[in-house]
Amino acid sequence: MSSRRSRSRQSSGSRITDDQIIDLVSKLQQLIPELRGRRSDKVSASKVLQETCNYIRNLHRQVDGLSDRLSQLLASTDTDSDQAAVIRSLLME
Amino acid sequence: MCPHTSLKQQFLKKWIMGLQRCSFSKKNMSILERKKTIKLSADIAMASARNGTTRWSRALISNASKDGSDNRLVQQILGPDSNTPAVATTTNKARTRRASVCKKIVKRSHQIRRRRRKCVAAAPVKAVTSSISKHLVRKRTQVLKTLIPGGEFMDEICLIEETLDYITSLRVQVDVMRSVASACFSQS
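So the sequence lines, in the order shown, correspond to chains A and B.
If you're matching positions, the first sequence starts at 1053 in this note's numbering and goes up one per residue.
If you're matching positions, the second sequence starts at 405 in this note's numbering and goes up one per residue.
The set of hints was computed from the structure by calculation and includes no laboratory data.
Small disclaimer: the values here were computed from a predicted structure and weren't measured.
Glycine included, C-beta positions come from ideal geometry on N, C-alpha and C.
Among these hints, one or two may not hold up.
[Unchecked claim] Distance condition first, Cα-Cα at most 30 Å in a straight line; then the derived BS3-like pairs of lysine-lysine:
#1 B/470 <-> A/1099
#2 B/508 <-> A/1079
#3 A/1079 <-> B/538
#4 A/1079 <-> B/470
#5 B/549 <-> A/1099
#6 B/443 <-> A/1094
#7 A/1099 <-> B/543
[Claimed, not checked] Selected chain B positions facing chain A (Cβ under 8 Å, derived; list incomplete):
#8 438
#9 455
#10 456
#11 509
#12 544
#13 571
#14 584
[To be verified] These stretches of chain B come out as covered by chain A in the derived footprint (C-beta under 8 Å, 3 or more residues):
#15 459 to 471
#16 475 to 481
#17 534 to 542
So here's chain A without its partners, still in its complex pose:
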């Protein structure tokens, strides 16, 4: 954590090196499921950024849909004991 902070402080003062950006972009590529299999030199930075934006929007949409679903499910189950059992089972994992 401290190494990351010191690195960003340096880069804000000095020039941003290409290697730093290439390294970060390849890390980003590994996170995105669509681009994970491909070789890093075959995928351009703009493609990685585009897929990142699409992926984040997709995750936002999933959160929204799940909140919808949960609001309907939790409205129908009135008992606290049901919810407590659910939570307990999840915490055990």
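For chain A, the structure is supplied; the task is to place chain B on it using the hints.
What follows is chain B alone, placed relative to chain A:
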């Protein structure tokens, strides 16, 4: 996999605690209100799991607190945790940081314009293709800045680092919410 599962549990605990602080199960809420409470407490749980170590998490909480109608709800969810004084100071710091970042951006754009004029004069074909790709990267970076909370004030390196962390946290959020939803569904 161990740190990942503990992050899930941390998120789940914070989320459930936030919902309980809103006396979620006792109030009679409309579906929309319920959804808003669920989503807001999930976002705040995700952000507070970072304990103020990342910029996006601080920006998310301060943005949620700024919104007048939701402010009371946010305070309820955050509860007696001492996160709120940190929020006030970061907005002031963000303002001065914003001013210095804006000046840097203006300076850098002038430099780039000067450099671009020189490039175009020298080698036209190569400059055109590289400037197109640079333009695309710039355009996509702008879009990414709108998606990450607090992204408008970050430089490129910081933005990508924050994106990496934000994506990991979003995934945890989706996973936990999905497992809660499927568990609730199988119960009812």
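Results of checking the hints against the structure:
no.	hint	in the structure
1	B/470 <-> A/1099	34 Å, violated
2	B/508 <-> A/1079	27 Å, holds
3	A/1079 <-> B/538	20 Å, holds
4	A/1079 <-> B/470	33 Å, violated
5	B/549 <-> A/1099	16 Å, holds
6	B/443 <-> A/1094	38 Å, violated
7	A/1099 <-> B/543	12 Å, holds
8	438	4 Å, holds
9	455	11 Å, violated
10	456	12 Å, violated
11	509	12 Å, violated
12	544	4 Å, holds
13	571	5 Å, holds
14	584	6 Å, holds
15	459 to 471	violated (count 0)
16	475 to 481	violated (count 0)
17	534 to 542	holds (count 3)
Going down the numbered hints, you'll see the structure goes against 1, 4, 6, 9, 10, 11, 15 and 16, while the others check out.
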